[in-house]
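*Asks:* Hey, can you work out the whole structure from these sequences and the hints?
These protein sequences, in sequence, are chains C and Z.
Count the first sequence with the working numbering and you get residues 1 to 177, in order.
Count the second sequence with the working numbering and you get residues 1001 to 1291, in order.
Careful: at least some of the hints might be erroneous.
Stated by the list, open to error - Restraint ranges, calculated between C-beta atoms of paired labels, are given here: (1) 1253/Z / 95/C: 50 to 60 Å; (2) 131/C / 1012/Z: 21 to 31 Å; (3) 172/C / 1151/Z: 48 to 58 Å; (4) 1290/Z / 19/C: 57 to 67 Å; (5) 105/C / 1241/Z: 53 to 63 Å; (6) 143/C / 1270/Z: 19 to 29 Å; (7) 1012/Z / 12/C: 22 to 32 Å; (8) 1089/Z / 92/C: 37 to 47 Å; (9) 154/C / 1267/Z: 24 to 34 Å; (10) 32/C / 1013/Z: 22 to 32 Å; (11) 131/C / 1061/Z: 15 to 25 Å; (12) 1058/Z / 105/C: 36 to 46 Å.
Unchecked claim - Far from chain Z by the CB rule (all over 10 Å, computed), these chain C residues: (13) 26; (14) 32; (15) 113; (16) 114; (17) 168; (18) 169; (19) 171.
No wet-lab data here; the hints were simulated from the structure.
A quick note: this is a predicted structure, and the numbers were derived from the prediction, not measured.
All residues carry an ideal CB built from backbone N, CA and C; glycine is no exception.
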Amino acid sequence: MTSLYDEVQTPTEGVPTRRITVVVNGEKRTVDVEPRLLLAHLLRQGLQLTGTHVGCDTTSCGACTVLYDGRPVKSCTMLAVQADGHEVETVEGMASASELHPVQEGFKQEHGLQCGYCTPGMMLTSKALLERNPNPTEDEVRWALSGNLCRCTGYQNIVKSVLWAAEKMRAQQGDDA
Amino acid sequence: MYPSRFAYEAPTSIDEAIALLDAGGGEAKVLSGGQSLIPMLKLRFASPATIVDINNIPDLDYHRVDAEGNLHIGALCRHVDLEQSTTLGETHPTLAAAAELVADPIVRSRGTFVGSVCHADPQGDWAATMVAQGGYIVAQGPNGRREIDIREFVLGPFVTALAYNEMAVEAVIPGAKGTPRGSYLKLERRVGDFATASVAVSLDMDGDVVRRAGCALAGVGGRTIDANDAISCLEGKTLTEDSIDQASDAVAAVAEPRTDHRGSDAYKRHIVQTFVKRILTNLARTEQKAA
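*Replies:* Structure representation (structure tokens):
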């Protein structure tokens, strides 16, 4: 059975598509898409990167957050065609083959997740924050994450996780220097 | 949810975008940040035949202050650009205060100032700051450019004075002749929700005397409420407890709130009065410290 999403992803005969090339997690991907396909659906159904979650689908919850040229965006509120020639990073791109990203490690160490649904979006928003501001205060973390909703944790451990990651990343920077 | 089918165009110049809008004959729609338009497409409140995505047009992402102190905001200047601006607070404090309250941080990294004004949502933060400060939208069409005063730009909920073949290329907001003072306060039940009530106040100070006072409200009427006349009672006066009380009462009187799940009309009017008073009292304290 084809789902509604598949219908959009697998273009109907006669419906115009556009060929786009998107750098997803560092890898060039060239695909044909209908203009109305949302970026979230391209990632999940088209590229099978199901780490990007669709929560509210109404631009409210932030579960579908990905990094678009380094800035957090809601992938349910962008067209896939708009990613043509741009870089997209999803949660699958965070860890290297052998090592978690410090933000991921922070969420593990500080128990920053329960059901895990909001976690990919939370972590990507956090990564973008720490790249811009390596030493955020607790308030700044809360402010930066205010567009990502979590219904489990009450946010306490998420904030702790991000602060943990910030410390780790600063220590790593220090080691490199 | 996904939008109904549309033809997608990604012009790389303003002229090309206008030609596409013109050819669309009223069925083409400009896509900038998309943080209002894409949700509307998904809900099928909007189903244009053609989407003209202006994000590939270069050199529209600026915000800069010209020699006369006017702030120019290009059609692709994102909310986050204004939020992270290091100079906006000095020249346009009302806008700087609003910048961090628009929607939520993720929407702010994509949505645009000009797009938000063109969306003309009665709850819109930017339209309120513009009405309080004065200013105009530069619209470009097949016959060239024209300036549309912000108070004549928004005609009603989601309706603007733009013709179908015109594109808003820039917003221009005048600077203060004296010292700019102002702020923006918004009550929202949670981040990203529509405002229960919000208040923009913009003052142009000559020493401790108010040279010009501007005010606008969002969320408390079917449109952005122009409260400039109401707050003009401050002009020529200093900020004292009496003048502040008079101004906050006058502004609260012109709100047009309606009772809904966010609160009763009386409650919302009270918020407006409280916010005007809070902003002005804080500004009076700043003036005293500066003196």
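*Asks:* Would you mind marking each hint as holding or not holding in the structure?
*Replies:* Outcome of the hint check:
A hinted range of 50 to 60 Å holds for the C-beta pair residue 1253/Z and residue 95/C, which are about 59 Å apart. With their beta carbons about 29 Å apart, residue 131/C and residue 1012/Z fall inside the hinted range of 21 to 31 Å. Look at residue 172/C against residue 1151/Z: about 54 Å separates their beta carbons, and that is inside 48 to 58 Å. Between residue 1290/Z and residue 19/C the C-beta distance comes to about 59 Å, which sits within the given range of 57 to 67 Å.
Checked against the given bound of 53 to 63 Å, the beta carbons of residue 105/C and residue 1241/Z, roughly 55 Å apart, stay inside it. The hinted window of 19 to 29 Å between residue 143/C and residue 1270/Z holds, with their beta carbons roughly 27 Å apart. Hint check: residue 1012/Z to residue 12/C, Cβ distance near 29 Å, so the stated range 22 to 32 Å holds. Residue 1089/Z and residue 92/C have their C-beta atoms about 39 Å apart, which keeps the hinted 37 to 47 Å range intact.
Roughly 28 Å separates the CB atoms of residue 154/C and residue 1267/Z, a value that falls within the hinted 24 to 34 Å. Our hint of 22 to 32 Å for residue 32/C and residue 1013/Z holds, since their Cβ atoms are close to 26 Å apart. Between residue 131/C and residue 1061/Z the C-beta distance comes to about 20 Å, which sits within the given range of 15 to 25 Å. Separated by about 40 Å at the C-beta atoms, residue 1058/Z and residue 105/C satisfy the suggested range of 36 to 46 Å.
Here residue 26/C stays apart from chain Z, with its beta-carbon at least about 21 Å from theirs, past the 10 Å limit. Consistency note on residue 32/C: stated as away from chain Z, and its beta-carbon is indeed over 10 Å from all of that chain's, at 13 Å minimum. Against the 10 Å criterion, residue 113/C stays outside the reach of chain Z, whose nearest CB is about 19 Å from its own CB. Interface exclusion of residue 114/C from chain Z stands, the closest Cβ pair being 20 Å apart, more than 10 Å.
For residue 168/C, the shortest C-beta to C-beta distance to chain Z comes to about 23 Å, beyond the 10 Å cut-off, and the non-interface label holds. Distance check on residue 169/C: its Cβ is at least 20 Å (rounded) from any Cβ of chain Z, clearing the 10 Å threshold; non-interface status holds. Every C-beta of chain Z lies more than 10 Å from that of residue 171/C, the closest at about 26 Å, which supports listing it as non-interface.
Of the numbered hints given earlier, the model fails none.
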